[in-house]
Amino acid sequence: GDSVTQMEGPVTLSEEAFLTINCTYTATGYPSLFWYVQYPGEGLQLLLKATKADDKGSNKGFEATYRKETTSFHLEKGSVQVSDSAVYFCALGPQGAQKLVFGQGTRLTINP
Amino acid sequence: EPEVTQTPSHQVTQMGQEVILRCVPISNHLYFYWYRQILGQKVEFLVSFYNNEISEKSEIFDDQFSVERPDGSNFTLKIRSTKLEDSAMYFCASSKLGGHQPQHFGDGTRLSIL
Numbered sequence: 001g002d003s004v005t006q007m008e009g010p011v012t013l014s015e016e017a018f019l020t021i022n023c024t025y026t027a028t029g030y031p032s033l034f035w036y037v038q039y040p041g042e043g044l045q046l047l048l049k050a051t052k053a054d055d056k057g058s059n060k061g062f063e064a065t066y067r068k069e070t071t072s073f074h075l076e077k078g079s080v081q082v083s084d085s086a087v088y089f090c091a092l093g094p095q096g097a098q099k100l101v102f103g104q105g106t107r108l109t110i111n112p
Numbered sequence: 001e002p003e004v005t006q007t008p009s010h011q012v013t014q015m016g017q018e019v020i021l022r023c024v025p026i027s028n029h030l031y032f033y034w035y036r037q038i039l040g041q042k043v044e045f046l047v048s049f050y051n052n053e054i055s056e057k058s059e060i061f062d063d064q065f066s067v068e069r070p071d072g073s074n075f076t077l078k079i080r081s082t083k084l085e086d087s088a089m090y091f092c093a094s095s096k097l098g099g100h101q102p103q104h105f106g107d108g109t110r111l112s113i114l
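Those protein sequence lines, which keep their order, are chains A and B. Quick note on numbering: this note's numbering labels position 90 of the first sequence as 90, and the sequence is numbered without any gaps. Quick note on numbering: this note's numbering labels position 66 of the second sequence as 66, and the sequence is numbered without any gaps.
Because the hints were derived from the structure by calculation, they are not lab data. Among the hints, erroneous ones may be present.
[Claimed, not checked] Computed list of lysine-lysine pairs in DSBU-like fashion (alpha-carbon distance at most 30 Å, straight line):
no., chain 1, residue 1, chain 2, residue 2
1, A, Lys60, B, Lys42
2, A, Lys77, B, Lys96
3, B, Lys42, A, Lys77
4, A, Lys52, B, Lys57
5, B, Lys78, B, Lys96
6, A, Lys56, B, Lys42
7, B, Lys57, A, Lys68
8, A, Lys56, A, Lys68
9, A, Lys68, A, Lys52
10, A, Lys77, A, Lys52
11, B, Lys96, B, Lys42
12, B, Lys96, A, Lys68
13, B, Lys96, A, Lys60
14, A, Lys56, A, Lys77
15, B, Lys78, B, Lys42
16, B, Lys42, B, Lys57
17, A, Lys60, A, Lys77
18, B, Lys57, B, Lys83
19, A, Lys52, B, Lys42
20, B, Lys96, A, Lys56
21, B, Lys96, B, Lys57
22, A, Lys52, B, Lys96
23, B, Lys57, B, Lys78
24, A, Lys68, B, Lys42
25, B, Lys83, B, Lys42
[Claimed, not checked] Quick list of simulated restraints, FRET-style, between CB atoms:
no., chain 1, residue 1, chain 2, residue 2, range
26, B, Gly16, A, Gly78, 44 to 54 Å
27, B, Asn52, A, Phe18, 40 to 50 Å
28, B, Gly16, A, Ala53, 47 to 57 Å
29, B, Asn52, A, Glu42, 28 to 38 Å
30, B, Ile60, A, Gln45, 20 to 30 Å
31, B, Glu18, A, Tyr30, 35 to 45 Å
32, B, Lys96, A, Asp55, 18 to 28 Å
33, B, Thr13, A, Ala53, 37 to 47 Å
34, A, Phe18, B, Met15, 40 to 50 Å
35, A, Glu42, B, Ile38, 14 to 24 Å
36, B, Ile54, A, Ser79, 36 to 46 Å
[Unchecked claim] Residues of chain A clear of chain B, computed beta-carbon distances all greater than 10 Å:
no., residue
37, Leu19
38, Lys56
39, Arg67
40, Val80
Computed from a prediction, not measured in an experiment: that's the story for all the values here. The beta-carbon is built from N, C-alpha and C at its ideal position, and this holds for glycine as well.
Please construct the entire structure, taking both the sequences and the accompanying hints into account.
This is the structure we're talking about:
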């Protein structure tokens with residue numbers, strides 16, 4: 001069935017470091033791909049999305065490219081800030097379905 | 001910015017009791033969802049709801065669970081005869097359209113079954 005695998009956390013970086021959080025997926029057909037972020041005590045917020053192969057989603061300095069050949073959707077940011085500390089979830093929306101399938105989440109901590 | 005609101009933020013219930021979790025989706029949204037996250041595990045889809053009926057449900061969503069839109073603003077998840085393994089964070093979400101339009105999530109209700 002459809003599934004998402006994220007890199008294990010937690011991830012700890014210094015401010016202004018480069019961030020990559022790996023995400024790979026298994027799905028039939030043409031799913032949509034998403035990154036959600038959860039700040040402490042809050043719900044999940046959509047960070048970015050891509051709906052077809054080679055699409056790049058971007059928001060708040062974060063980027064991810066839908067790579068069908070490697071079934072990946074890695075999250076990147078060139079220079080992280082303390083305020084980026086949160087849990088990041090990769091998710092896919094299977095073709096023809098309403099649901100989202102989530103990865104296990106990656107906790108990111110940015111130190112000043 | 002409009003948001004999805006969930007109440008209560010924390011619910012403690014004795015095993016075997018019924019519990020109702022409440023959600024107010026964003027007012028012009030048409031699709032509603034429930035997800036749950038057991039501590040340390042992935043966020044799992046339970047059910048989606050559109051046009052006053054269930055449009056999709058997972059294997060988790062068995063006869064113990066039901067959803068309802070009792071009026072024009074609330075969307076509820078009822079769990080009958082709760083079990084210890086129902087302890088989890090339950091998230092409500094809504095979207096304006098289907099087809100993987102962005103889903104907006106509430107802050108969740110932490111359900112603890114004793």
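Enumerated hints in conflict with the structure, sorted upward: none
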